[in-house]
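Required output: the full structure, derived from the provided sequences and hints.
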Amino acid sequence: MTTRDGRTVRIAAGQGFWGDWLEAPVRQARDGPIDYLMMDYLAEVTMSIMQKQKSRDPSAGYARDFVPLMERILPDLVERGIRVTSNAGGVNPRGCAEAVLAVARRLGLPRKLRVGLVSGDDILGRLDELIGRGHPLSDMETGRPLADIRDRVLSANAYLGMAPIVEALKGGADVVVTGRVTDTGLTLGPIFHEFGWSPDDWDKVAAGTVAGHIIECGAQASGGNLLKGWRGVKGLANPGFPIAEASPDGSFVITKHPGTGGVVSVASVTEQLVYEMGDPRSYITPDGVADFTTIRLRPAGRNRVRVSGIRGGPRTAMLKVSIAYFWGYKAVGTLVYAWPEAYDKAKAADRVLRQRLTDLGLAFDQILTEFVGVDATHGRLSGPPHPDLPEVQLRVGVRAREKAPVDRFTREIAPLVLTGPPSVTGFAGGRPAVEEVVAYWPALIDRREIEPHVRVAILEA
Amino acid sequence: MTVAKSAVRPLQLRYLAHARSGDKGNTANVGLIALEPELYPILVREVTVSRVARHFKGMVNGVDRFELPNLHALNFLLHEALDGGGTISLKTDAQGKVYSTALLRMEIPVPAALARRLVRA
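Chains as they are written, first to last, in the numbering used here: chain L, 328 to 788; chain R, 9 to 129.
By construction, these hints were calculated from the structure, which means they are not laboratory data. Note that beta-carbon positions come from the ideal geometry of N, C-alpha and C, so glycine has one too. There could be a bad hint or two in this list.
One-sided excerpt, in silico: chain R residues whose CB lies under 10 Å from chain L [stated by the list, open to error]:
1. 23
2. 28
3. 31
4. 40
5. 74
6. 75
7. 76
8. 81
9. 82
10. 91
11. 105
12. 106
13. 109
Right, dumping it as structure tokens:
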């Protein structure tokens, strides 16, 4: 289906995050021709959640949804020759790979399945050694050295690029399972493998990076969350997830399967391009630096947008490291106040609640009050509310390093129903939950400390 | 030629642009995209760092602006906009998803005839 002699390689996005629409990868595999199914599961703090799961159960620590999904679609993938790249492996890529192999054996596929296993991104066990050898792993935002919070670190992973994915595909992997590989690497890997491009062809790296960025958030590039002309976006009950059709000249087309909902347009692709953007001239990944000011977009038929002209520069000497650490606790309580004078009642309730928290001597790092229906999304920019609002939700959040004040706060919401302002409802959910706050610590490390430790294994079932 | 003051009126950005926003730590970004390519120079001229900083006064601390003429878009970084950001934030919009439309509330001066056409469309 794929060739290196002038035809395109089709990479389809199956998940934009862990928890995205479960039907999407199934439809990508069945509703039209694709060569690769790319699935991104890892957000910034996902690794710490997985680390916590693994500490309770050594066989856990990866995106569990990935395994039943593979069980559902492996027969289609094998029949159609579709290969998978995914960072579903989280902090236990071996566990994830073995679970996929077990599923493959159970399914009795017509041929053996090869799973590529990428490891070496996890540096939790090497932190003291690295700090000891003079790598401070300072927070990129605050400059503080990691030593300040070393005893609270829960997970630490370097962002790997496309290289191990290319190697796994070269080794014949049908499904590549990784830990913390960048979302863009999951797209770059297949393109570079298919076209045999050199990893230091920086314009090609930049082009593949942009393709990866466009499809990595799933339907957000194909009509989902599209603001321009949102009423005219049809068929979102069955949105077509984006597909990048890469050409050997480094340009590509973003499209979706025929017969699916949503839309691929210059507007839908542009909105995704600017999502989570920093300095557009230097979009830095482990594989290179893309210049988003060189991207050319033009319509290329119904639900097709051609992307070309992309320039890029060499990769940097450093890799980003994603560290998660225990911060403390938070909780959010809500109550709904009804007409008449709903907003005034909600404000009065907030004053009562805050007085009680003060009287109890509870200390918080932050208490934040929002009035949903008045100011929760745009703050003071919303202007004065309509004087006759039908209802207002009072939403109060607290956070603290210690658990006790947050726990006590959660017991102060329900009492307001009988001891505060009138016309209050919406507390059926009971006492708010105390949540552990795991915070993100982005750092940099010399890539020479990481790359020699990266391993690619091909497992067979 | 100078345009007479009466020929200019304030218009909300929602009539000139669409937008998407996201987060990086405690910083929100807003990509502001001209609804038509001809409107991009107006955005470049009128949606300045100082105007955006004034618009978000008290909500953010520091604004950067980048130009993407190829996409007819401006990218704004709004620093300290997310109550700590990520998992720490207590905000409903902890990930800055709707700073996009908050920017579209901003008014800029636009030639009155153009404003009439844009509001009708």
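Structure versus earlier hints - violations, ascending order: 1
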